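6 protein chains.
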Amino acid sequence: MLSPLEKANVLTEALPYIQSFYGKTIVIKYGGHAMINPELEELVLKDIVLMKLVGMNPVIVHGGGPLIDEWLKKLDIPAKFIDGLRVTDEATMEVVEMVLAGKINKGIVNLINKFGGKAIGLCGKDGRLIVAEKKQSKQDLGLVGDVVSINPGIIHTLTQEGYIPVIAPIGVGTQQETLNINADYVAGALGGALKAHKLVLLTDVEGIYLGKGPESLASRLTDSEIPKLIAQGVINGGMIPKVQSCLAALEKGVENVHIVDGRKAHSLLLEIFTQKGIGTMVVKG
Amino acid sequence: MLSPLEKANVLTEALPYIQSFYGKTIVIKYGGHAMINPELEELVLKDIVLMKLVGMNPVIVHGGGPLIDEWLKKLDIPAKFIDGLRVTDEATMEVVEMVLAGKINKGIVNLINKFGGKAIGLCGKDGRLIVAEKKQSKQDLGLVGDVVSINPGIIHTLTQEGYIPVIAPIGVGTQQETLNINADYVAGALGGALKAHKLVLLTDVEGIYLGKGPESLASRLTDSEIPKLIAQGVINGGMIPKVQSCLAALEKGVENVHIVDGRKAHSLLLEIFTQKGIGTMVVKG
Amino acid sequence: MLSPLEKANVLTEALPYIQSFYGKTIVIKYGGHAMINPELEELVLKDIVLMKLVGMNPVIVHGGGPLIDEWLKKLDIPAKFIDGLRVTDEATMEVVEMVLAGKINKGIVNLINKFGGKAIGLCGKDGRLIVAEKKQSKQDLGLVGDVVSINPGIIHTLTQEGYIPVIAPIGVGTQQETLNINADYVAGALGGALKAHKLVLLTDVEGIYLGKGPESLASRLTDSEIPKLIAQGVINGGMIPKVQSCLAALEKGVENVHIVDGRKAHSLLLEIFTQKGIGTMVVKG
Amino acid sequence: MLSPLEKANVLTEALPYIQSFYGKTIVIKYGGHAMINPELEELVLKDIVLMKLVGMNPVIVHGGGPLIDEWLKKLDIPAKFIDGLRVTDEATMEVVEMVLAGKINKGIVNLINKFGGKAIGLCGKDGRLIVAEKKQSKQDLGLVGDVVSINPGIIHTLTQEGYIPVIAPIGVGTQQETLNINADYVAGALGGALKAHKLVLLTDVEGIYLGKGPESLASRLTDSEIPKLIAQGVINGGMIPKVQSCLAALEKGVENVHIVDGRKAHSLLLEIFTQKGIGTMVVKG
Amino acid sequence: MLSPLEKANVLTEALPYIQSFYGKTIVIKYGGHAMINPELEELVLKDIVLMKLVGMNPVIVHGGGPLIDEWLKKLDIPAKFIDGLRVTDEATMEVVEMVLAGKINKGIVNLINKFGGKAIGLCGKDGRLIVAEKKQSKQDLGLVGDVVSINPGIIHTLTQEGYIPVIAPIGVGTQQETLNINADYVAGALGGALKAHKLVLLTDVEGIYLGKGPESLASRLTDSEIPKLIAQGVINGGMIPKVQSCLAALEKGVENVHIVDGRKAHSLLLEIFTQKGIGTMVVKG
Amino acid sequence: MLSPLEKANVLTEALPYIQSFYGKTIVIKYGGHAMINPELEELVLKDIVLMKLVGMNPVIVHGGGPLIDEWLKKLDIPAKFIDGLRVTDEATMEVVEMVLAGKINKGIVNLINKFGGKAIGLCGKDGRLIVAEKKQSKQDLGLVGDVVSINPGIIHTLTQEGYIPVIAPIGVGTQQETLNINADYVAGALGGALKAHKLVLLTDVEGIYLGKGPESLASRLTDSEIPKLIAQGVINGGMIPKVQSCLAALEKGVENVHIVDGRKAHSLLLEIFTQKGIGTMVVKG
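Chains as they are written, first to last, in the working numbering: chain A, 16 to 300; chain B, 16 to 300; chain C, 16 to 300; chain D, 16 to 300; chain E, 16 to 300; chain F, 16 to 300.
Chain A extracted, bound-state conformation:
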């Protein structure tokens, strides 16, 4: 138990970090355990409210995770994946959209407001925020989309007025069709469109391992090293969309991208308010 004095010391130690992030946009991909575990959820969202309060502009993109499967199961719709991407027929898309935009999104909004923030929940249809097209792939994935362009106007309006935007990764096609997009990709594209200072991906791993075990964790990589690591199989599986959205974001002007362990308490604040950070940072190089 800390004394008030010790607490005050901590606050003033945070001063240089707060100063250096003042007015900066931070796009946060929120997913994994940090979204499922209620204690972690509270910690992450309070961290975000604090970030807003001390002058940053956090923008949240959330995933869906197990809740989508849960509802598909309730409705007897089989979940099917190819290369880690959900094959999305019309029936599936309806459920995905309702769970993402109607349940998870509004739940996050509700908690942020509870902790004193002012959140607004959107999906890619609102203000045509995320314009998408059907993903090209060998096997037809159905209504799975790739981001074509971002209309960031509504995000600027909301952040200027003090709101925290919370975004469900649903895209809208040129024929108004609904498209399911990987949340990492959406976060990367949004970070690029907003010229964000930072893109932080909250994941269920500590970062990128170059070998085996925690001691092989890379704390800093350059974008030019990534393709080689993928080719070598060092980066693989679900980490691939994450590093790809990192690269896309860097290319469009995000200054640096972080892959951070969302299972750790306060991982967001630690990433921002400590010298060394945690997880893996990817930068232009």
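Keep in mind that the hints were calculated from the coordinates and are not lab data. A portion of the hints provided could be inaccurate.
[As the list claims (entries may be wrong)] Listed next, the in silico DMTMM-like pairs over lysine to aspartate or glutamate satisfying Cα-Cα at most 25 Å (straight line):
no., chain 1, residue 1, chain 2, residue 2
1, A, K129, B, D161
2, F, K129, E, D161
3, F, K39, E, E176
4, D, K291, F, E21
5, B, K88, A, E85
6, E, K89, F, E105
7, E, K89, F, E85
[Claimed, not checked] Coverage of chain C stretches by chain B, computed from C-beta distances (three or more under 8 Å per stretch; other residues unrestricted):
no., stretch
8, 17-24
9, 27-36
10, 57-66
11, 281-288
[What the hints assert, rightly or not] Reference excerpt, derived from the structure (chain E facing chain F, CB under 10 Å, subset only):
no., residue
12, I51
13, G122
14, K129
15, R143
16, L173
In this text, all values refer to a predicted model and were calculated from it rather than measured experimentally. Note that the Cβ used here is the ideal one computed from N, Cα and C, for glycine as well.
Got chain A; can you put chains B, C, D, E and F on it based on the hints?
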């Protein structure tokens, strides 16, 4: 088939109506057949895009209707009503919220954008727009709410920036609980909070009948006449929440309220752009 | 006689046209029969009020026509023309200015205000809007001017505040002398200075004929075709200043220029609100 | 011939006067010899440009004087007066409007611009600035008007953007009819509507004499003294509309009103930049 | 030594306090040991920079203390006090002003800037911020002043632009004379003029004792209790100007006033970021 | 003694000068006799208040002169100079800062306010206005600085809000150390950073002499001529820092620089409000 010249004549005839509504806020309760029938839906939403374009500030509150029942049925959750209000347990509330905020709301947004408008879909949790409490009633209705207060900040922000707000009638309680509210009541409360010029309820009737048959349609009533008509049973059933939200809106400063037949093509434009209007207008008196 | 429903259909059909012209500046040269015939005058000015109301920025430049001759005659001042340009001595200039800036200009302002617009009447002296110099020509034309430069500040101020500027084609020289300028030229120069989306010349012909009779009407010409057509004598007489002001406007950045028959009812709206337009459009090419 | 040093002394002596009038609105009725004599005209208009430059907001209302008679004569229209007011039939009204709004008004604008100011000339039709009605009188005066109301919006817009408004005393009736109004009355009404700090009437007398000869000049009168002086015949003739517009302006909130001799060089500056002023000041009392 | 995680916990615990003070003005009287001891000085000024960064508007009024005596001694000017107020002849006033406005004030500014804030140092002459008059007292105190009025314009300008104003308690009389004012009084008057949320007086005592020893510390008093406590001699000596400036500030609209021990590390943050606060709070009651 | 009429003539003669300087920034180095002699001081500061009032943006940089020596003497600190620059040890620096920022600066502010201006006094520490570094020289000059950079934000804020900034030439080093800088250099650097229209150095000479006696006064020099004149010894002594700050200012974008005799009454106004000016003007050439 009209000639271009005849069309131009129509446009200039609309001039005085456009002038008199310039800059005025119009809250529209959108529900019933106008929401189910795709042709009517297109007509209504195009009317609203036109209203925005010629300088009005339309704000849409939508209901849910048969789609909620359809999904409850898919999920084997029995629908139960007391006095026309849906008894809403937690399982029902989850489905109601997902269908309203995740499906219907985003569908309306999508269509408005298709017709060239700029829509943003919200529910009462966003920016704590609709603060509610559990409805008091003899028989427990579960998570059915009454509006306690409206935080209209986000609506002003959106309308000023050229957006059309589309609102799902979900309220948030003081303990962050989700509450299901009658869309007519939400429209009335919102009209009051926005000091709207007009509240228009799109319904599946022609208006209020004082007797039997279309010829008994009241084209104008004062608020003081309503309680008597309810007591006499002239106004009854599903019309009661409608006239109550009319009265609430009038009391909080809405200038006039219209009960209009949404089954007729262009009923919104006809109400606004013709001298006589259609349906029943209720005013202070 | 149209039903209200048919009228509503017309209004929503105009939607895409209104959307595509939103916020655009349209300079209109107003003259000929459309200014003399009271029914046409009312139709044209109501069209302009409607254009303003649905979000365009119309700017009117008017001519003088027969009214100048009428007053010169009353005052026993002989009217004299060389190559279609009025030879303007001091006595003539006084009358021209009074009729244009004091009578016609204020009459147009008055009618626009009657139809619910907010008009302000200016001449080129106001805010030194139109700086001119004596026209160089073989035979001395007296106080006939060419536009040297436009000071558009006052026009921007007025349009932003919701006014419709109405401009008499009087220029001011570097020695403060009053100069009589062809209204077509003024409209072209103003369109260029305002980077107008469209310049519309309301004339007493259907457009440019390439041969004989209405069926030879060119609906679209490029600027590069014009000089040849003049050299061939296809374009001649009073049409020459019109096409020259078209070319000047196109060169300074106006996107397209229209020569339209002002003798037809609603020719302005038809030009803007129909796919095909009427008259002849001249574009860069 | 003054040395530069003496001139600099004069400039700094003006400092407290400039400071005390900073940002204040001064309505100036401009007429009489000061408008006819070119040397006086230049002095008055340079004074006004200087007033604008040092931070005041001058607004000019001008009369017409001999130029109207001159043009009526040219056109063989007899000038007729009842009680000092011009009987104005339609033919006369046309000439009055053209001379006031088309010739004198634009001439003043031109000179102000020449001296480095930015002037805009308006009449009461522009933006419906001066709404009027037919003057009630025993003998029909024709199209002579009284001010009903002022729409000062355009004046605020112009002064904020650095322009000097120059106003011809033409009113517009509810049926859009053109009405001829005494310039003193217009100046008084405008001063009231703008809550002007000062109304200055430039006249061809030194001020109000209480007896005979210059030594009986009243330098300060209260509004309550005026009716008695009229009743006694001390104030009479053309001075009556002047004092009546003084009273009207005072009643509507103008702080003080000055009747000043426009035949004297720099009478405006002397009134504003000297302790004692010149002419007669009328105040509430 | 705390772990990063413990630090992050502290930061999020501060959230509700930061939220409740967002946008509030806090006037801080800075003096005593907190100004002399370099470690305390750094802690106080970093606390203030943090307060600014998290959205409050701190305004600093500083005293002079021993440095004035030191410089008077160097210059062989005897320091003389009556009832705790410095008798201030012209020679003394010169030194007081130079030390306060030229040395202490700029030193505080310099340190705040070092810690990442943006400070501007002013005295009461700048923008005539503090208008004063000679203090009335039985024995002539020389150039000692009482605050007559505050011109807070420059403070609003600076806080809006992100600056922290630092104010030396020098007043300016109606004859431009320099007057020495007690810093507590200046802080109270400034708090009133700015309608501050809080006035905090950093002193060299723990607060107001009602009896003997720390356990008699009053943590909350109402303004109505103060006069009695002075009359009883419970409040006496140098505490009297402090409680008087508290009362003056409360009367002019400051919400609450705090007498806080500046000798304790982080006393400002502890006062603001803890439930209980430290020292004595005085409120209306 | 001038008549009011003659005075009014002078005012209107100033019109073109006032117009040509409207909105322009004029940096004034204020020092020498004009600061010591109370009559001259009053004239200079009134001239500056007038300049502000008629729309210019004067910014004052003042020197210290004999008052610093006077206080050093009172404190028995010996004044020592190398090449006309004060050798500044810590004890000297303390006195220099107090006299410049605490006494002279606030005295100028006080007088400007007395004459109706709104002045704010700053030194280079305020908002880190003047960032400096220790001057490199053969013999150690102690805490004498050279300007490294200017942070002009606070100057823009103050001039926009109607204030006249008054600046003491104290710089702040990267380690927060206090540095004494030649006021001419500060004025030059500030003129450059503000892209001033004019830099005026008020000196105790008539300007730059090319030979002997007043008739050799150069009224106009180009920057390219200066180095040669220094090499030839024509420009020497205290004039060297002056011409060097002229060159620095010209290089950074000041349009022209004036060396003016501050011993003459109204030299500032005469420089600005006369065709020929007085003193020596240096321009790019």
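Hint by hint, here is what the structure shows:
1. A/K129 x B/D161: Given pair A/K129, B/D161 holds - Cα atoms ~20 Å apart, limit 25 Å.
2. F/K129 x E/D161: holds (20 Å)
3. F/K39 x E/E176: holds (23 Å)
4. D/K291 x F/E21: Holds, at about 16 Å.
5. B/K88 x A/E85: Holds. B/K88 to A/E85 sits at ~17 Å (cutoff 25 Å).
6. E/K89 x F/E105: Holds, at about 16 Å.
7. E/K89 x F/E85: Roughly 15 Å separates the two Cα atoms, so the pair holds.
8. 17-24: Holds: 7 residues of the stretch 17-24 of chain C have a Cβ under 8 Å from chain B.
9. 27-36: holds (count 7)
10. 57-66: With 5 residues close enough to chain B, the hint holds.
11. 281-288: Answer holds; 4 residues pass the 8 Å Cβ test.
12. I51: Given a least distance of 17 Å, the restraint on E/I51 is violated.
13. G122: Cβ of E/G122 sits 8 Å from chain F, so the hint holds.
14. K129: holds (5 Å)
15. R143: Holds: closest Cβ of chain F sits about 5 Å from E/R143, inside 10 Å.
16. L173: holds (8 Å)
Hint violations for this structure: number 12 only, all remaining hints satisfied.
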